[in-house]
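Engineer: Sequence:
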Amino acid sequence: MISGPGTGKTFTFGKVLERHPGESLVITLINNLVDDMQHELGDLADVRTFHSLSRWLLHKHPYGGITTTFHFFPPLTQVISNDSWILSNGGLIGRGFDEDELCQAFRLLVDDDGRIDYFFERANYYDAVGFDDSVYCVNLLFRAQSEAVPKYHNVMVDEYQDFNALEVGVIASLEAVNRMLIVGDDDQSIYEFRQASPEFLQAKAADEKYKRFPLPYSTRCTAVIVSAVESIVKSAQYIGLLAGRLDKEFVCYLPDKRIDNENYPTIQAVTCSVQRGNAPYISRYIESVVSGVDTNEIAQAYEGEYPLALVVGPGHYLNQIHDYLHQRFQNVEYRPSSRLQYSVLDGFRLLEERDQSNLGWRILVEFLAPESLGHFIADSADTQAPLAELLEDEFKNEQFQRLDVISRAIEDSERLSFEEVRDLEVVFGQPYESILRMLGEPEEATPEEPDTEGPKAEPMQPTILLTNFNGCKGLSAGFTFVVGSEEGMFPIDNQSPSFTEICQLVVALTRTRKQCHLIHTRNFAGNWNTPSVFIDWISEDLVDYIEVNKGFF
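Numbering follows this note's numbering, in which position 539 of the sequence shown is assigned residue number 561; successive positions increment by one, without gaps.
The set of hints was computed from the structure by calculation and includes no laboratory data.
Some hints could be false.
No farther apart than 30 Å at their CA atoms in a straight line, the calculated lysine-lysine pairs in the DSBU-like style are these [to be verified]:
(1) 173 - 82
(2) 270 - 226
(3) 270 - 231
(4) 256 - 173
(5) 226 - 173
(6) 233 - 270
(7) 173 - 37
(8) 256 - 37
(9) 226 - 37
(10) 256 - 270
(11) 256 - 233
(12) 231 - 173
(13) 231 - 37
(14) 226 - 256
(15) 233 - 37
Ranges of calculated distance between the beta carbons of each label pair, as one might list FRET restraints [unchecked claim]:
(16) 510 - 419: 50 to 60 Å
(17) 83 - 131: 14 to 24 Å
(18) 41 - 61: 16 to 26 Å
(19) 41 - 571: 51 to 61 Å
Ideal placement from N, C-alpha and C gives every residue a C-beta, glycine not left out.
Input sequences plus hints: build the corresponding full structure.
Structural biologist: Right, dumping it as structure tokens:
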């Protein structure tokens with residue numbers, strides 16, 4: 023099924039499941055899509071990401087050297103990459119591997135250059151799985167034990183354009199024994215950084231053994247957004263981009279969008295003369311738009327459980343805008359992108375699961391006795407002895423005492439003595455109040471599977487969410503502000519925008535339920551900017567051009 027943005031994929035899934043009831047599985051990529059689908063589909067299907075599906079299967083069928091009680095540890099690839107540099111410096115392996123090198127080996131199924139073999143030797147020692155490696159294990163499991171492939175009445179795959187060769191391989195195994203419904207849109211393929219490719223979706227659409235169904239009617243986007251997407255696609259194709267793109271209809275569903283079409287007939291192309299600390303014109307412009315929104319629009323956003331405003335762009339803009347807006351509105355959330363990191367707290371959590379955990383002890387040594395880490399990594403690789411057996415009893419006893427203090431802090435923070443609080447502050451390198459917040463955070467939060475709950479919004483107050491281009495996937499908002507619409511930012515090069523940048527533009531625009539604002543800044547941090555060519559790709563009759571300077575306010 024070829025489906026444009028906001029065209030009711032989840033609604034369609036539900037109708038199919040109602041007509042063909044039975045045990046069903048829905049697979050998608052990121053958690054906010056899982057949450058939305060699970061809410062709407064209810065008991066009709068089990069909705070999972072690849073990673074949660076893989077963990078569930080590996081607990082049932084441990085494969086490749088792990089036990090049924092393995093740790094699920096998202097930053098495992100970073101730990102094992104760090105180990106590789108220690109072991110290579112000691113001459114125990116040929117060379118070290120960067121984290122990205124290890125991830126790419128899994129995602130592209132490169133199994134002949136030693137990266138994957140090395141990874142699993144360390145992962146099995148730690149009895150742990152992370153993200154890509156858990157999916158890779160399932161791929162091997164399905165090849166070796168066809169009976170392990172789960173059978174469902176229906177299997178539905180969402181956002182197929184977002185998957186890489188590894189994930190497509192797992193889907194192929196599921197497809198061999200299950201009836202499948204695959205949904206995707208190659209115009210929204212923005213995960214090239216994780217080796218995803220729209221070519222897998224395009225190949226499916228071209229294969230005559232599959233029936234192809236369009237899902238063209240958008241109940242989210244206004245007519246001007248739909249027309250702008252068409253204009254962008256034509257402009258990109260005119261200069262030779264988007265080769266292989268699937269032709270598809272994308273139509274505004276007028277019964278739902280007629281009033282919004284009348285109220286918001288154009289896209290706002292905004293040029294701010296400057297953005298700096300004493301002249302935050304982007305921030306002030308966004309404030310003026312949000313402050314002027316009718317209370318009925320705020321109520322619609324609150325009842326529809328989507329933010330009133332979504333600000334999308336590069337981090338250096340978002341940081342300044344967030345600092346300004348959160349002082350003026352109650353419900354402002356910023357979700358910055360970040361690489362997954364682990365901390366000393368992870369070591370204690372792993373020991374709480376299993377007091378002999380090799381991974382738990384390895385992390386504690388890194389943070390609390392870093393001068394000894396190389397020695398212990400080398401000894402563990404050479405002897406495969408449990409790390410707890412290689413450690414001094416004094417060190418281990420000290421950490422068990424701290425683990426007891428942490429448990430008491432979680433139960434009742436006031437039970438701790440001054441000395442215990444001071445010790446935790448030294449260990450964690452943070453004030454006690456910050457430590458207590460850390461102890462209350464969820465254990466799994468990743469760039470690919472973000473925690474999207476956020477703080478509970480105050481009712482009938484505007485909600486504003488800030489995120490980057492990749493982070494806005496799966497979201498929608500009444501009003502969308504795309505900042506950094508200038509050459510060098512978005513796109514990097516006006517003469518040759520990349521395929522991914524074009525898809526990011528389509529994704530950002532189509533988050534919009536009401537009105538979209540494309541914001542270009544003439545001068546930022548003393549640098550003069552050229553407007554993004556993307557603004558020129560949209561037909562002039564679809565755009566209102568706005569100059570924002572001192573006189574505007």
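Engineer: It remains to establish, for every hint, whether it holds in the given structure.
Structural biologist: Results of checking the hints against the structure:
For the given pair, residue 173 sits about 14 Å from residue 82 by alpha-carbon distance, which is consistent with the 30 Å threshold. For the given pair, residue 270 sits about 15 Å from residue 226 by alpha-carbon distance, which is consistent with the 30 Å threshold. A threshold of 30 Å between alpha carbons decides the hint, and for residue 270 with residue 231 the separation of about 19 Å falls inside it, so the pair holds. With a CA separation close to 42 Å, the supplied pair residue 256 and residue 173 exceeds the 30 Å bound.
About 22 Å separates the Cα atoms of residue 226 and residue 173, which keeps this hinted pair within 30 Å; it holds. About 15 Å separates the Cα atoms of residue 233 and residue 270, which keeps this hinted pair within 30 Å; it holds. Distance check on the hinted pair: residue 173 and residue 37 sit about 21 Å apart at the alpha-carbon level, within 30 Å; holds. Note on residue 256 and residue 37: the hinted pairing is violated, with a Cα-Cα distance of about 33 Å set against a maximum of 30 Å.
Simply put, residue 226 and residue 37 have alpha-carbon atoms about 23 Å apart, close enough for the 30 Å limit, and the pair holds. For the hint linking residue 256 to residue 270, the alpha-carbon distance of about 13 Å falls within 30 Å, and the restraint holds. Distance check on the hinted pair: residue 256 and residue 233 sit about 27 Å apart at the alpha-carbon level, within 30 Å; holds. In summary, the hint linking residue 231 to residue 173 is supported, as the alpha carbons are separated by about 21 Å, within the 30 Å threshold.
This hinted pair checks out: residue 231 and residue 37 have alpha carbons roughly 23 Å apart, not beyond 30 Å. About 23 Å separates the Cα atoms of residue 226 and residue 256, which keeps this hinted pair within 30 Å; it holds. For the hint linking residue 233 to residue 37, the alpha-carbon distance of about 18 Å falls within 30 Å, and the restraint holds. Take residue 510 and residue 419: their Cβ atoms lie about 56 Å apart, and the range 50 to 60 Å holds.
About 20 Å separates the C-beta atoms of residue 83 and residue 131, a value consistent with the hinted range of 14 to 24 Å. Restraint check, residue 41 to residue 61: a C-beta distance of roughly 21 Å satisfies the suggested window 16 to 26 Å. The given range of 51 to 61 Å is respected by residue 41 and residue 571, whose C-beta atoms sit roughly 57 Å from each other.
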